[in-house]
Amino acid sequence: MSIVVLDANAIIMHGRAFPEHVHTAVETGMKLVLPQSVKQELVDDVLDAGNAPQNHRNAAQAIQELINEGYLVLRQPKHDALV
Amino acid sequence: MSTTDNTPLSRKRLHTVVEQLANDRKLEILGYAAEHGQFSVADLKDEFGFPHTTAHEYCRDLATAGLLHREQGKPAVYSPVDFDIRLSLDAISTAVAAESETVDYMLAEYDDEIIEEVIEIWERVEADDLTYREASATLDMAHADFLRLAAELDLFDQ
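These protein sequences, in sequence, are chains A and B.
Letter by letter, the first sequence follows residues 152 to 234 in our numbering.
Letter by letter, the second sequence follows residues 89 to 246 in our numbering.
Don't take each hint at face value.
Claimed, not checked - List of simulated lysine to aspartate or glutamate pairs, EDC-like, C-alpha gap at most 20 Å: (1) Lys-133(B) to Asp-149(B); (2) Lys-162(B) to Asp-178(B); (3) Lys-182(A) to Glu-159(B); (4) Lys-100(B) to Glu-189(B); (5) Lys-100(B) to Glu-171(A); (6) Lys-114(B) to Glu-135(B).
Said to hold, decoys possible - To give an idea of the chain B side of the interface with chain A (calculated C-beta under 8 Å), a few residues: (7) Lys-100; (8) His-103; (9) Gln-108; (10) Ala-122; (11) Gly-125; (12) Glu-189; (13) Thr-190; (14) Tyr-193; (15) Tyr-198; (16) Leu-218; (17) Tyr-220.
As the list claims (entries may be wrong) - Beyond 12 Å from chain B on every Cβ pair, some chain A residues (computed): (18) Val-156; (19) Ile-163; (20) His-165; (21) Arg-167; (22) Leu-183; (23) Val-184; (24) Asn-206; (25) Arg-208; (26) Gln-215; (27) Ile-218; (28) Asn-219; (29) Gly-221; (30) Val-224; (31) Leu-225; (32) Pro-228.
Derived by calculation from the structure, the hints in this document are not laboratory data.
We put the CB at the ideal spot given by N, CA and C, even for glycine.
Turn these sequences into a full structure, and let the hints steer you where they fit.
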């Protein structure tokens, strides 16, 4: 199985087709990893911002749903490694 | 215009799809894919007499546009994508409105010069003089906003 770690650039470049491309990649055996820092940037910060435009909110919500459905695997930082 | 999973089309996607479908040879390749399923670039050469490099280039373009699927491995093997594209005034309106939302947000969040500044600094990114992160930091933009505006301006394709 190939594992791909996504960054913000890769996600934004796919635009609104991102969920479709994720479904296709996962269904062909790829594992897609989303670092927590990228989720913070593209999901949490957008949904928390009062002035984010609706299309940015829709994109953030779509990424959150991909996480909830298990298509994207969230990678938490290993805090222990910093101690 | 929409695809089978109801992904809303962007202006960029609209341009890409229409550009691909405006090429008769690419339409022939899509028709061949629908009829034969998996095929290689060499198959196209035999069927249509395309030069190998042309067939390869056309298949790659169609795959990039999401109209053809490239199987893993070499030599290159392609298979059809069961897309269902519908064009409507509402779909075009939605695509344009979504782009306007992003641009309006950027102008309000930063300043009136931000579009020109992003286009200008993009040349340094393309020249490997700056990374995306360094470019967004130079403009004092949130990194995600920098990428979103670049995507909206189609800078990634240039």
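For each hint, the structure was consulted:
1. The suggested pairing of Lys-133(B) with Asp-149(B) holds, with an alpha-carbon distance near 17 Å, which does not exceed 20 Å.
2. Between the alpha carbons of Lys-162(B) and Asp-178(B) the distance comes to roughly 41 Å, so the proposed pair goes past 20 Å and is violated.
3. Under the criterion of a C-alpha separation no larger than 20 Å, the hint pairing Lys-182(A) with Glu-159(B) is consistent with the structure, at around 17 Å.
4. Between the alpha carbons of Lys-100(B) and Glu-189(B) the distance comes to roughly 15 Å, so the proposed pair stays at or under 20 Å and holds.
5. Among the hinted pairs, Lys-100(B) with Glu-171(A) is consistent with the structure: their alpha-carbon atoms are about 16 Å apart, no more than 20 Å.
6. A threshold of 20 Å between alpha carbons decides the hint, and for Lys-114(B) with Glu-135(B) the separation of about 13 Å falls inside it, so the pair holds.
7. Among the interface hints, the one on Lys-100(B) holds; its C-beta lies about 7 Å from the nearest C-beta in chain A, closer than the 8 Å criterion.
8. Because the closest C-beta pair between His-103(B) and chain A is about 12 Å apart, greater than 8 Å, the hint is violated.
9. Given the 8 Å rule on beta carbons, the hint for Gln-108(B) is violated: about 14 Å separates it from the nearest Cβ of chain A.
10. Against a cut-off of 8 Å between C-beta atoms, the interface hint on Ala-122(B) is violated, since the closest Cβ of chain A lies about 18 Å away.
11. Given the 8 Å rule on beta carbons, the hint for Gly-125(B) is violated: about 16 Å separates it from the nearest Cβ of chain A.
12. A distance limit of 8 Å between C-beta atoms decides the matter here; for Glu-189(B) the minimum to chain A is near 4 Å, and the interface restraint holds.
13. Hint status for Thr-190(B): holds, given a least beta-carbon distance of 6 Å to chain A, under 8 Å.
14. Among the interface hints, the one on Tyr-193(B) holds; its C-beta lies about 4 Å from the nearest C-beta in chain A, closer than the 8 Å criterion.
15. The beta carbon of Tyr-198(B) comes no nearer than 12 Å to any beta carbon in chain A, farther than 8 Å, and the hint placing it at the interface is violated.
16. This hint is violated: Leu-218(B) has a C-beta 14 Å from the nearest C-beta of chain A, more than the 8 Å allowed.
17. The beta carbon of Tyr-220(B) comes within 6 Å of a beta carbon in chain A, closer than 8 Å, and the hint placing it at the interface holds.
18. The beta carbon of Val-156(A) is kept farther than 12 Å from every beta carbon of chain B, the shortest such distance being approximately 16 Å.
19. Not every CB of chain B lies more than 12 Å from the CB of Ile-163(A), the least distance being 4 Å, so the non-interface label is violated.
20. Residue placement check: His-165(A) does not keep its beta carbon more than 12 Å from all beta carbons of chain B (closest about 9 Å).
21. The non-interface label for Arg-167(A) is inconsistent with chain B: the shortest C-beta to C-beta separation is roughly 5 Å, within 12 Å.
22. Distance check on Leu-183(A): its Cβ is at least 16 Å (rounded) from any Cβ of chain B, clearing the 12 Å threshold; non-interface status holds.
23. For Val-184(A), the shortest C-beta to C-beta distance to chain B comes to about 18 Å, beyond the 12 Å cut-off, and the non-interface label holds.
24. A beta-carbon of chain B is positioned within 12 Å of the beta-carbon of Asn-206(A); the least distance is around 4 Å.
25. At roughly 10 Å from the closest C-beta of chain B, the C-beta of Arg-208(A) falls inside 12 Å, breaking its exclusion from the interface.
26. Distance check for Gln-215(A) against chain B: the nearest CB is about 15 Å away, which clears 12 Å, and the non-interface claim stands.
27. The beta carbon of Ile-218(A) is kept farther than 12 Å from every beta carbon of chain B, the shortest such distance being approximately 17 Å.
28. Chain B leaves Asn-219(A) outside its interface by the beta-carbon criterion, the shortest separation being 17 Å against a cut-off of 12 Å.
29. Listed as a non-interface residue, Gly-221(A) keeps its Cβ farther than 12 Å from every Cβ of chain B; the least gap is roughly 17 Å.
30. With 12 Å as the threshold on Cβ separation, the claim that Val-224(A) sits away from chain B holds: the shortest Cβ distance comes to roughly 20 Å.
31. Every CB of chain B lies more than 12 Å from the CB of Leu-225(A), the least distance being 17 Å, so the non-interface label holds.
32. Non-interface call for Pro-228(A) relative to chain B: holds, since the shortest CB-CB distance, roughly 18 Å, exceeds 12 Å.
The structure shown violates the earlier hints numbered 2, 8, 9, 10, 11, 15, 16, 19, 20, 21, 24, 25.
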